[in-house]
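There are 2 protein chains.
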Amino acid sequence: MKIGIIGATGMSGQKIYHEAQARRHEVTAIVRNREKAQQLLGADAHLLVKDAFNLTFSDLADFDVIVEAFSVPIGKHLGYLHLDIAAHLVHLLRNQATPRIIFILGAASLLNDQNTPFLESIKKAPGAEAWIDTPATQAYELELLRTATNVNWTGISPSLNYVDGPKTEYVRGENHALFNNAGKSEVNSGTLATALLDEIEQPQAKQTRFTVRNAD
Amino acid sequence: MKIGIIGATGMSGQKIYHEAQARRHEVTAIVRNREKAQQLLGADAHLLVKDAFNLTFSDLADFDVIVEAFSVPIGKHLGYLHLDIAAHLVHLLRNQATPRIIFILGAASLLNDQNTPFLESIKKAPGAEAWIDTPATQAYELELLRTATNVNWTGISPSLNYVDGPKTEYVRGENHALFNNAGKSEVNSGTLATALLDEIEQPQAKQTRFTVRNAD
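Heads up: the sequence lines are chains G and X, in that order.
Note that the UniProt record's numbering numbers the first sequence so that position 19 is 19, with each residue one more than the last.
Note that the UniProt record's numbering numbers the second sequence so that position 175 is 175, with each residue one more than the last.
Honestly, the hints are just simulated from the structure, not real lab data.
Since the structure is predicted, the reported quantities are computational estimates derived from the model, not experimental observations.
Check the hints yourself; a few may be wrong.
Below, computed lysine-lysine pairings styled on DSBU-like, alpha-carbon distance capped at 35 Å [to be verified]:
| id | chain 1 | residue 1 | chain 2 | residue 2 |
| --- | --- | --- | --- | --- |
| 1 | X | 206 | G | 123 |
| 2 | X | 36 | X | 2 |
| 3 | X | 76 | X | 123 |
| 4 | G | 76 | X | 36 |
| 5 | G | 123 | X | 123 |
| 6 | X | 76 | X | 167 |
| 7 | X | 76 | G | 206 |
| 8 | G | 76 | X | 2 |
| 9 | X | 50 | X | 36 |
| 10 | G | 206 | X | 123 |
| 11 | G | 123 | G | 76 |
| 12 | G | 50 | G | 123 |
| 13 | X | 50 | G | 2 |
| 14 | X | 206 | G | 206 |
| 15 | X | 76 | G | 50 |
| 16 | G | 50 | X | 167 |
| 17 | X | 76 | X | 36 |
| 18 | G | 50 | X | 2 |
| 19 | X | 50 | X | 167 |
| 20 | G | 2 | G | 50 |
| 21 | G | 2 | G | 123 |
| 22 | X | 167 | X | 123 |
| 23 | G | 184 | G | 206 |
| 24 | G | 124 | G | 184 |
| 25 | G | 167 | G | 206 |
| 26 | G | 76 | X | 76 |
| 27 | G | 36 | G | 167 |
| 28 | G | 124 | X | 206 |
| 29 | X | 2 | X | 76 |
| 30 | X | 167 | G | 2 |
| 31 | X | 50 | X | 206 |
| 32 | G | 184 | G | 50 |
Make the full structure from the sequences, and use the hints.
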């Protein structure tokens, strides 16, 4: 399939790019910085060099799937950009069956066993003011997507610990955080990329969000 | 002050344009259609002809206040445009003290005396599927604004009945719908424009929403 990845040079984006490439999809990294992208993804990486806020529908129209793996530096109060870019992409893709768009959401919107988002507990952490804007905005981003009933969207949340690492087998869930038998909620970036490509190839989650953890 | 009005040819926008002009503000109608604007606002109307979705920060930077009086035809499932344009403008005006932006919201987000939004009752009206997207989206638009803590925004909601009519004295409230002694919740477009210009000249509502009704 033709897959475009926004934020392809980030931790998630790189793994998704390589996983898509390994599966022989026609993958394009949508990036702002050509040199950085070639350094991280390979000199022969297929690029669309454009700020995501300047993307138009015609930039996206030929893709089957867009992956929004946008990220911002933590601690600089730029979390709002997650919402702004989601709103921009949602606007472009209203009333279009394709491309389908898959958003990498944070884990803060995942529910605990009292059906409360983890955001509620993490925002009480000491010093949370410095970085809470990113998880809070990503949680709100999911609410925005849920209003977008005329957009072909899917969301994927990592587990509570999201670490850069190779792919593993995975366990898939829906809106509740997943924990292994040792009480750990963790997923590797490679594992998330695998689950994401599986979802792209065999769609199961339409206008909803799913989550994954590393299998033991 | 320099005031720009998005949607200046609509029911609200026309009254706001004329009220601002009568008060000797330097007012610009931001419109898509020059001929329609000249017909409705006068051949000498000061225009910026541009689709609101294509506005950039530099288009807005010289204004003291932007009024978002955007509207869409009811019954065509275009209500989502209220959210999309709000998100676009919010993005442009992040971390800017000026221009201040004032959004004309719907009445559906106003609360009844049980603190429930009127949206909850109006969505049960027979046939509501045909038009509920507009009030529902405008209610959600207020939620989006409330997350925009780095934007200099204000919202104004009309009363439950919003009718085209001349200005009257008005009563101002906050988040609860206002009713007169006869149990009527109504505001004229001219009255809303007056209250809006009063708020522009003497700001009281920062990052919050207020409402008005016609005084008896």
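Tested hints:
1. X:206 with G:123: Given pair residue 206 of chain X, residue 123 of chain G holds - Cα atoms ~25 Å apart, limit 35 Å.
2. X:36 with X:2: Between residue 36 of chain X and residue 2 of chain X the Cα gap is close to 22 Å, so the pair holds against 35 Å.
3. X:76 with X:123: holds (17 Å)
4. G:76 with X:36: Measuring from Cα to Cα gives roughly 45 Å; hence the hint is violated.
5. G:123 with X:123: Answer holds: residue 123 of chain G to residue 123 of chain X is near 34 Å, not above 35 Å.
6. X:76 with X:167: holds (30 Å)
7. X:76 with G:206: Distance of about 24 Å is within 35 Å: holds.
8. G:76 with X:2: holds (32 Å)
9. X:50 with X:36: holds (13 Å)
10. G:206 with X:123: holds (25 Å)
11. G:123 with G:76: holds (17 Å)
12. G:50 with G:123: Cα-Cα ~34 Å, so holds.
13. X:50 with G:2: holds (33 Å)
14. X:206 with G:206: Measuring from Cα to Cα gives roughly 38 Å; hence the hint is violated.
15. X:76 with G:50: Roughly 33 Å separates the two Cα atoms, so the pair holds.
16. G:50 with X:167: Violated, because 48 Å separates the two Cα atoms, which is more than 35 Å.
17. X:76 with X:36: holds (21 Å)
18. G:50 with X:2: Status holds; Cα separation ~33 Å.
19. X:50 with X:167: Answer holds: residue 50 of chain X to residue 167 of chain X is near 29 Å, not above 35 Å.
20. G:2 with G:50: holds (18 Å)
21. G:2 with G:123: Given pair residue 2 of chain G, residue 123 of chain G is violated - Cα atoms ~39 Å apart, limit 35 Å.
22. X:167 with X:123: holds (30 Å)
23. G:184 with G:206: This hinted pair holds, its Cα atoms lying about 28 Å apart.
24. G:124 with G:184: Holds, because 20 Å separates the two Cα atoms, which is no more than 35 Å.
25. G:167 with G:206: holds (24 Å)
26. G:76 with X:76: The hint is violated at about 41 Å.
27. G:36 with G:167: holds (24 Å)
28. G:124 with X:206: holds (26 Å)
29. X:2 with X:76: holds (34 Å)
30. X:167 with G:2: Distance of about 56 Å is beyond 35 Å: violated.
31. X:50 with X:206: holds (28 Å)
32. G:184 with G:50: violated (38 Å)
Checked against the numbered hints given earlier, this structure breaks hints 4, 14, 16, 21, 26, 30, 32; the rest are met.
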